[in-house]
Amino acid sequence: MLAKYYRSFKKDLDQRGIIFSFSGYMSEGILYSLGDALRQKMALEDTNISTVKKVFSVFVEQAQNIIRYSAEKVSGDIGRAVELSSGMVTIGTENNRFFIVCANVVLASDEPKLRDRLERLQKMGKDEIKAYYKEQLREAPEEQSRGATIGLIEIARRASEPIEFDFDPIDKDSFFFCMKVSI
Amino acid sequence: MNNLKIAATERSPEVDFDFERGVLVLRGESYPEDASAIFGPIFSALETFLAEGEKREVKMDFDLTYFNSSSAKALMNMFQMLDHAAAAGTKITVSWFFAPDDDTMKEFGEDFSEDLKHVIFNLVAVEDAA
Numbered sequence: 001m002l003a004k005y006y007r008s009f010k011k012d013l014d015q016r017g018i019i020f021s022f023s024g025y026m027s028e029g030i031l032y033s034l035g036d037a038l039r040q041k042m043a044l045e046d047t048n049i050s051t052v053k054k055v056f057s058v059f060v061e062q063a064q065n066i067i068r069y070s071a072e073k074v075s076g077d078i079g080r081a082v083e084l085s086s087g088m089v090t091i092g093t094e095n096n097r098f099f100i101v102c103a104n105v106v107l108a109s110d111e112p113k114l115r116d117r118l119e120r121l122q123k124m125g126k127d128e129i130k131a132y133y134k135e136q137l138r139e140a141p142e143e144q145s146r147g148a149t150i151g152l153i154e155i156a157r158r159a160s161e162p163i164e165f166d167f168d169p170i171d172k173d174s175f176f177f178c179m180k181v182s183i
Numbered sequence: 001m002n003n004l005k006i007a008a009t010e011r012s013p014e015v016d017f018d019f020e021r022g023v024l025v026l027r028g029e030s031y032p033e034d035a036s037a038i039f040g041p042i043f044s045a046l047e048t049f050l051a052e053g054e055k056r057e058v059k060m061d062f063d064l065t066y067f068n069s070s071s072a073k074a075l076m077n078m079f080q081m082l083d084h085a086a087a088a089g090t091k092i093t094v095s096w097f098f099a100p101d102d103d104t105m106k107e108f109g110e111d112f113s114e115d116l117k118h119v120i121f122n123l124v125a126v127e128d129a130a
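Protein chains in written order, with our numbering: chain A, 1 to 183; chain B, 1 to 130.
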């Protein structure tokens, strides 16, 4: 039963075109290792360098967003200060394109701002996104936002289609936030 | 002043600032957890060096293959520092290296160069910069 159960779980992932999927506590070390595996996998398949760079860049920005902004964190001291952020990153292919999905819990109080930023980016064309990126590069970082805006613009810039996103309410204080990018 | 040499790590670039010769190199990839921790020491060394005010030639090479958005912000700050120093009379030549098939890095070079008024900027395609 054990093998049967996990085989069907794996098969479900395979059928969705998923190359790999990570769910749980994300750290910079995991980001590095998953990113490295991702680049190797794409290189083995002779993916062109431009696509590899775009997919990798979106992956890094999404994973760092989870690390920084996930509302589901554990922290403590195990000889050194440790903070772990929970979230999900899934990478796969469908219709000859790569897709990268990230998900994490966000505070209800952060939802309107994030929604505004993403809706603004969805409406922009390629040139507008590029100009907006440059404008944000020149600006001092926003309070409390260790570079969130520029990270989202970088993601939008590398995407082949407008970013898809959604918020699923968990309770009155939090949402499950999900974003999908195709390249 | 003392040269600044920092070895590359998995997620941060190699820094090779030879202040005596006026040859500064940033090489590799940059997507650290905390960009300010990586770029802080680089900024302060560069700032001190440029403020020394000797009107000599400075060569700065950016040989980067990937950087994340918070590193891009730090690079923008560096370009602003370099351009200010060039405006004040230091002759600064920046070379931005990229692999010929790497459109992203080429475009970043073009983007950064648009804001430079006083620095001499070269966009250099190199086969082995992979």
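Honestly, the hints are just simulated from the structure, not real lab data.
Quick caveat, the model's predicted, so the values are computed rather than measured.
Ideal Cβ placement from N, Cα and C applies to all residues, glycine included.
Incorrect hints may appear among the rest.
To be verified - Subject to a maximum C-alpha distance of 30 Å in a straight line, what follows is the list of computed DSBU-like cross-link-like pairs (lysine-lysine): (1) A:Lys130 / A:Lys180; (2) A:Lys130 / B:Lys106; (3) A:Lys126 / A:Lys41; (4) B:Lys91 / B:Lys117; (5) B:Lys106 / A:Lys41; (6) A:Lys73 / A:Lys180; (7) B:Lys59 / B:Lys117; (8) A:Lys172 / A:Lys134; (9) B:Lys117 / A:Lys126; (10) A:Lys113 / A:Lys130; (11) B:Lys117 / B:Lys106; (12) A:Lys130 / B:Lys117; (13) A:Lys134 / A:Lys123; (14) B:Lys59 / A:Lys130; (15) B:Lys106 / A:Lys134; (16) A:Lys180 / A:Lys41; (17) A:Lys123 / A:Lys11; (18) A:Lys134 / B:Lys91; (19) A:Lys123 / B:Lys91; (20) B:Lys59 / B:Lys91; (21) A:Lys113 / A:Lys134; (22) A:Lys10 / A:Lys180; (23) A:Lys113 / A:Lys123; (24) B:Lys91 / B:Lys5; (25) A:Lys11 / A:Lys41; (26) A:Lys113 / A:Lys10; (27) B:Lys117 / A:Lys134; (28) A:Lys113 / A:Lys180; (29) A:Lys113 / A:Lys172; (30) B:Lys5 / A:Lys180; (31) A:Lys123 / A:Lys172; (32) B:Lys106 / A:Lys126; (33) A:Lys134 / B:Lys59.
Claimed, not checked - Counterexamples of contact, computed for chain B against chain A with all Cβ distances above 12 Å: (34) Met1; (35) Ala7; (36) Thr9; (37) Gly22; (38) Phe43; (39) Leu50; (40) Lys59.
Between Lys113 (chain A) and Lys130 (chain A), is the straight-line Cα distance small enough, at 30 Å or below?
-> holds (21 Å)
Are Lys73 (chain A) and Lys180 (chain A) close enough, with their CA atoms no more than 30 Å apart?
-> Holds: Lys73 (chain A) and Lys180 (chain A) sit about 22 Å apart, inside 30 Å.
Satisfaction of hint between Lys180 (chain A) and Lys10 (chain A), Cα-Cα up to 30 Å | holds (21 Å)
Is the Cα-Cα distance between Lys113 (chain A) and Lys10 (chain A) 30 Å or less?
-> Violated: Lys113 (chain A) and Lys10 (chain A) sit about 36 Å apart, past 30 Å.
Hinted pair Lys113 (chain A) and Lys134 (chain A), Cα distance within 30 Å = Given pair Lys113 (chain A), Lys134 (chain A) holds - Cα atoms ~21 Å apart, limit 30 Å.
Take a quick look at whether Lys130 (chain A) and Lys106 (chain B) sit within 30 Å of each other, Cα to Cα.
-> holds (14 Å)
Lys106 (chain B) paired with Lys126 (chain A) [C-alpha distance capped at 30 Å] | holds (17 Å)
Over 12 Å to the closest beta carbon of chain A is the bar; see if Thr9 (chain B) clears it.
-> Nearest chain A Cβ is 10 Å from Thr9 (chain B), so the label is violated.
Taking the closest pair, is the beta carbon of Met1 (chain B) still more than 12 Å from chain A?
-> Met1 (chain B) clear of chain A: closest Cβ-Cβ about 28 Å, beyond 12 Å.
Pairwise hint evaluation, Lys126 (chain A) against Lys117 (chain B), where the allowed Cα distance is 30 Å at most = Roughly 26 Å separates the two Cα atoms, so the pair holds.
Would the least Cβ to Cβ distance between Ala7 (chain B) and chain A come out above 12 Å?
-> The claim stands: Ala7 (chain B) keeps its Cβ more than 12 Å from every Cβ of chain A (closest is about 16 Å).
Does the alpha-carbon distance linking Lys117 (chain B) and Lys134 (chain A) stay inside the 30 Å limit?
-> holds (16 Å)
Checked against the numbered hints given earlier, this structure breaks hints 8, 17, 19, 26, 30 and 36; the rest are met.
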